[in-house]
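Undergrad: From first to last, the protein sequence lines are chains B and P. This note's numbering puts the first residue of the first sequence at 1, with every later residue one more than the last. This note's numbering puts the first residue of the second sequence at 1, with every later residue one more than the last.
I should point out that these hints are in silico values taken from the structure, not numbers from a laboratory. C-beta atoms are modelled at their ideal positions from N, C-alpha and C, and glycine is treated no differently. Be aware that one or more of the hints could be misleading.
Capping the alpha-carbon separation at 30 Å, the derived lysine-lysine pairs in DSSO-like fashion look like this [what the hints assert, rightly or not]:
| id | chain 1 | residue 1 | chain 2 | residue 2 |
| --- | --- | --- | --- | --- |
| 1 | P | Lys305 | B | Lys65 |
| 2 | B | Lys120 | P | Lys292 |
| 3 | P | Lys292 | B | Lys94 |
| 4 | P | Lys305 | B | Lys115 |
| 5 | P | Lys316 | B | Lys88 |
| 6 | P | Lys305 | B | Lys120 |
| 7 | B | Lys88 | P | Lys305 |
| 8 | P | Lys268 | B | Lys65 |
| 9 | B | Lys88 | P | Lys376 |
| 10 | P | Lys316 | B | Lys152 |
| 11 | B | Lys115 | P | Lys385 |
| 12 | P | Lys17 | P | Lys5 |
| 13 | B | Lys152 | P | Lys287 |
| 14 | B | Lys152 | P | Lys385 |
| 15 | P | Lys292 | B | Lys62 |
| 16 | P | Lys305 | B | Lys71 |
| 17 | P | Lys411 | B | Lys120 |
| 18 | B | Lys14 | P | Lys305 |
| 19 | P | Lys385 | B | Lys120 |
| 20 | B | Lys94 | P | Lys316 |
| 21 | P | Lys287 | B | Lys94 |
| 22 | P | Lys176 | P | Lys62 |
| 23 | B | Lys71 | P | Lys398 |
| 24 | B | Lys88 | P | Lys360 |
| 25 | B | Lys20 | P | Lys292 |
| 26 | B | Lys71 | P | Lys644 |
| 27 | P | Lys385 | B | Lys88 |
| 28 | P | Lys305 | B | Lys152 |
| 29 | B | Lys120 | P | Lys282 |
| 30 | B | Lys24 | P | Lys17 |
| 31 | P | Lys292 | B | Lys152 |
| 32 | P | Lys292 | B | Lys60 |
| 33 | B | Lys24 | P | Lys292 |
Take a look, some chain P residues computed to stay more than 10 Å from chain B by CB distance [as the list claims (entries may be wrong)]:
| id | residue |
| --- | --- |
| 34 | Ala23 |
| 35 | Glu367 |
| 36 | Glu406 |
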Amino acid sequence: MNDYGYDFLANPTKSMFTDKEYEKIYLYFRDSLNIRYTELFVLNAAIGYKNNLCIPLKKKGKEFKSSYFGKLRFSMYSMILNHHEYGKNIEDFKDVDFQNSVINYLQELANGGMKILCDKVFLHNWDGLELDTSYDEYLIDVLTYSIEETEKVPF
Amino acid sequence: MRVNKIELYNFRQFFGKQVIEFAASEKNITLVKGHNGAGKTGIFRALIFGLYGEKHLSQDNKNDEIHLVNFKAIRENQESITEAKVKVFFEANSKKYCIERTVKANNKRMEHIGPPKLDIIDGDGNYTISSIEDEYEIKFRIEKIIGSDIKEFFFFDGEKIETLAKTNKEVKKEIKNAIVKLLQIETIESASKLLNSLYNKEKKYISSKVKGVDLEKIQHEIEDIGKTIEKIDRTIEENQEELDVCNSQIEKNEKTLQDNQKILELKKQINTEKEKKALIQKSINDKVAYLKEECFNYSHSFVIKENYLQTLEYLKQIQQSQPDDLPINIIEQILSKKKCVCGQDLKNKEAVLERFRIRKQQYKRSELTPFLEQLKHETQNYDEKASEILDLLRNRLKDISEENSELMKRKQHIHGLNEEIKEESKTDKDLEYIELELEDLREGYEKINENIIRLQYQRKEKLEEQKALETEHEQQLKKHSQKKFYGIYLEKIKELKAGFEKNFDSYSDKMRQALMAKTTEIFNNIVDYTNLETISKIKINEKYELEVYNYANEKMTQDVSQGQRQIIALSFITALAALAVVEKDNKIFPLFMDTPLARIDGKNRPALIKTLPKLTNQLILLLTDTELSDKEILNFKETRKIGKWYELTKTDKDSSIIHEKEVVI
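Bound conformation, chain B alone:
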C-alpha cells in the first residue's frame, strides 16, 4: 500500500484538490501562460504559509496527483517540517492519517495563498469567477509579488 515510505507526496495514489472557486485562474495560468498547475499551487501554498492563512476548500475543484509536484514536493516537506503542529516529526511522514492531514493542510494553504493573490495582485482583473484575459501582465505581477513576500517578516 505505501511503497513510498516517508516520501508520501511522490505517491501517485495521493490526490490533491484546488478550490472550484479558483479553478479558472489555475487553468488560465496553465493554458495561456504555460505555468504548470503544480507550480502555481506550490507558490500559493508558500504565500499562504508565509501569511499563515489557511482557508478550507469551499468546493473541491480540479483533482491532481501529488506525484505531479516532482521536486517541488521537497519545498512542501520543508513547510511541513516547520509547522507548529506537524513539524519536527519526520517519523510521522509514514503515517497515513498524518499524510492526509498534511495534504489537507497544504490544500488550505494554497487556497489561502490564492486568495491573497486575488486580493492583492489580480485586484479588479479578477471578477470572482475569472481573470480579465485582455490584461497580459499577470506573470510579472505574480513574480513581483513573490519578491515582495520575501521582504516580509513571517507571521
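Chain P: place on chain B using the hints.
TA: This is chain P only, laid out in the frame that chain B set:
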C-alpha cells in the same frame, strides 16, 4: 443700361405675380438668396427671355426642353390655356423701356411664345403713342441697346470657375471662343477658312488643266502629305490631351502629397517608432519566456527561504542523533561472522559486537536515511537557488519594468503622432498609393512627352516635304500654265487669305493683351494678400493658355494651387464681363452673377465681395444660403452698397415666392 424691375407672372418656378426691383446708383447691389432649385437662375432666364425672347441660356443643352410656364398654374387651370408673362423695365440712353413677352401652354405643357410688346418713355416721361409690337423692330432696338451676342458676358455662371480652373484643351477652347466673341470676329475667322478652302479648290482645278507635266500627281502627293500631317496633328493633340490629363493628375497627386508632407513624415516616424517598439516587445517577451521557464518554479522558494535553513538544521540534528553509516545487511553480516568488513576478528571483542547489536535494533531510522539525504539535498538546492534566482529575477523584472516604461513612451509617442496625423489629415487617401501612382504618372508623362517630340519631328519633316512639293508645284504651274488668268486669280485668293489671317491674329492679340491686363488687375484686387507675394501676372499665350508668372517673371503655372486657380478663373470671367461692357460703345451693363462664391475659399471672399461692386454700375448676385452666411452678410454690409435684398422660398415643388428683405446696415 440699367435694369430697374422685372415682373414675372406664372413664369418658371414663380406662381402668380412676383416682382423684383433692382438696386442701382450708389447702392448698386441686389442680393437674391435662395436654396438650390428655388429659382435663382429662373430670374436670369426671365431677363433673357424678356429681352430676347430666348428660352435657352448658354449653359443649357439646346436639345433639352425648357418649360417657361409654371406647372402649378397649368395644373390649376386644367381646361384652358395658361399664360406666363415677363415684363422687363430698363433704361438706356436717357430713355426708359418696358418690354413684355408672353408664353402660353396647354394642359399638356406644350408652349407657344406670343408676340412681344415694347413701350418707350422718353426723358420727359412721354410714352410712345402706341406700343411697338413688330417683332423685328423690337429686336433691332434691343440689339442696339444690348447685343444678344454679348449677353453671356454679363451673366456670370459660378460653374465656369470649376471648368476654367482646369488646365485642359476645353479651357483653351473656352478662352479662344471668348476672345473671338468679344471681338465679334467670328466672321473674319470664317472668311479665312472659306478662302483657304477656295484656294485649294482652285489650285486643284488649275492643276488639272496644265498639260505636259503631271501636276495632278504632285498635287495628290501634297494632299496625301497634308492628310498625313493632319493625322499626326490629331495624334499630337490626343497625346497632348493625355499629357494634360497626366499632368493634371501629377499636379493633383503632388499637391495631395505636399499637403500631406507632414503626414508622410509623421508616418515614417511612426514606422520607426513601431520598429523600435517591436524590438523592445521582443526583448520583453524573451525575458518573460525565460522567467516562465527558469524562474517561476522557484518563485515559492523565495517566499519560504528562511524555512529551508530551519529544515536543514532539523535534518542535521536527526542525522547526528542517528548516524546511518552502515546498511542493515552489513551489520547483520558482521554480527553473524563476528568479523568486521575491514577483516578484523571480533570474536573476543564483545563490547564492539554489542554496539553493532544496538545499531541493528535502531535500524528503523536507517530506512529514513535515503529520504533524509534526498530531502537535505533538495532543500539545500532550493535554498541556494532561491538566492540565485531571486537576484536574477529582480534584475530581469527591473529590466522588464524599464523596457515596459520605454514601450509605454513609444506607444504614447505613436499615439501622439497619430493624433497629429488626424489633425493634419485633409484626405482619407492612401498616401503610399499616391506616391507610387505619382511615380507611374511621371514615367507615363515622360513617355508621352517623348512621343510628342517624335511626332513633332515627323510633322516637321512632312511639312518640309510638303513645302518642297508645293514649291515644285508652283514653279511647274507657272511654267506650264496656259491660262495665266488662273494663276493671277489663285495668287489673289492667297493674298486675301493671308490678310484675313493676319487681321485675325492682330485683333486677337490686342484682345488677349487687354484681357490679361484686366484679369491680372481683378485678380490682384480679389486675391488674399499672401498670394499676392507669389503671383504677379496672369498671361494668355498664343495658344490661348492661361499662364501665371511670379515677380521674378518666372512661369509658375504648374505651381499654382487649386484655390488660386479658382481665383484666376473667376478673375478671367469677370474680366471678360468687364471688357464686354466696355467694348460695346463704352456703355456699362449690369452684371449678373450666379453662385459666384461657392467655389471660392472663405479667406478670399471678403476681398471679392469688396471688389465686385466696383466692376459695374449694377450688380445682381444670385446666392445660395452657404454663400451668404453671417460672415458674408457682414462683408456685404461693409461695402455699404446693398440696395435690395430678396429671398426665394420654395413653397412646394412647383412654386417659389420672392420676399423682399429689409436692408439694415
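Undergrad: Evaluate each hint against the coordinates.
TA: Hint check results:
1. P:Lys305 x B:Lys65: Status holds; Cα separation ~25 Å.
2. B:Lys120 x P:Lys292: holds, 21 Å
3. P:Lys292 x B:Lys94: violated, 34 Å
4. P:Lys305 x B:Lys115: holds, 21 Å
5. P:Lys316 x B:Lys88: Between lysine 316 of chain P and lysine 88 of chain B the Cα gap is close to 12 Å, so the pair holds against 30 Å.
6. P:Lys305 x B:Lys120: At roughly 21 Å apart (the allowed maximum being 30 Å), lysine 120 of chain B and lysine 305 of chain P satisfy the hint.
7. B:Lys88 x P:Lys305: holds, 17 Å
8. P:Lys268 x B:Lys65: At roughly 56 Å apart (the allowed maximum being 30 Å), lysine 65 of chain B and lysine 268 of chain P break the hint.
9. B:Lys88 x P:Lys376: Holds: lysine 88 of chain B and lysine 376 of chain P sit about 14 Å apart, inside 30 Å.
10. P:Lys316 x B:Lys152: Answer holds: lysine 316 of chain P to lysine 152 of chain B is near 27 Å, not above 30 Å.
11. B:Lys115 x P:Lys385: holds, 27 Å
12. P:Lys17 x P:Lys5: holds, 13 Å
13. B:Lys152 x P:Lys287: At roughly 26 Å apart (the allowed maximum being 30 Å), lysine 287 of chain P and lysine 152 of chain B satisfy the hint.
14. B:Lys152 x P:Lys385: Status holds; Cα separation ~19 Å.
15. P:Lys292 x B:Lys62: Holds - the C-alpha atoms of lysine 62 of chain B and lysine 292 of chain P are around 22 Å apart, at most 30 Å.
16. P:Lys305 x B:Lys71: holds, 16 Å
17. P:Lys411 x B:Lys120: holds, 27 Å
18. B:Lys14 x P:Lys305: With Cα atoms ~26 Å apart, lysine 14 of chain B and lysine 305 of chain P stay inside 30 Å; holds.
19. P:Lys385 x B:Lys120: OK: lysine 385 of chain P and lysine 120 of chain B at ~26 Å, within 30 Å.
20. B:Lys94 x P:Lys316: holds, 20 Å
21. P:Lys287 x B:Lys94: Distance of about 42 Å is beyond 30 Å: violated.
22. P:Lys176 x P:Lys62: holds, 21 Å
23. B:Lys71 x P:Lys398: Roughly 28 Å between the alpha carbons, so the hint for lysine 71 of chain B and lysine 398 of chain P holds.
24. B:Lys88 x P:Lys360: holds, 24 Å
25. B:Lys20 x P:Lys292: holds, 25 Å
26. B:Lys71 x P:Lys644: Violated, because 100 Å separates the two Cα atoms, which is more than 30 Å.
27. P:Lys385 x B:Lys88: holds, 24 Å
28. P:Lys305 x B:Lys152: Holds, at about 11 Å.
29. B:Lys120 x P:Lys282: holds, 28 Å
30. B:Lys24 x P:Lys17: violated, 83 Å
31. P:Lys292 x B:Lys152: Status holds; Cα separation ~24 Å.
32. P:Lys292 x B:Lys60: Satisfied, since the Cα-Cα distance of roughly 27 Å is no more than 30 Å.
33. B:Lys24 x P:Lys292: With a Cα-Cα distance of about 19 Å, the restraint between lysine 24 of chain B and lysine 292 of chain P holds, given a limit of 30 Å.
34. Ala23: Fine: 68 Å to the nearest Cβ keeps alanine 23 of chain P off the interface.
35. Glu367: Since the minimum Cβ distance to chain B is about 7 Å, glutamate 367 of chain P lies within 10 Å and the statement is violated.
36. Glu406: holds, 15 Å
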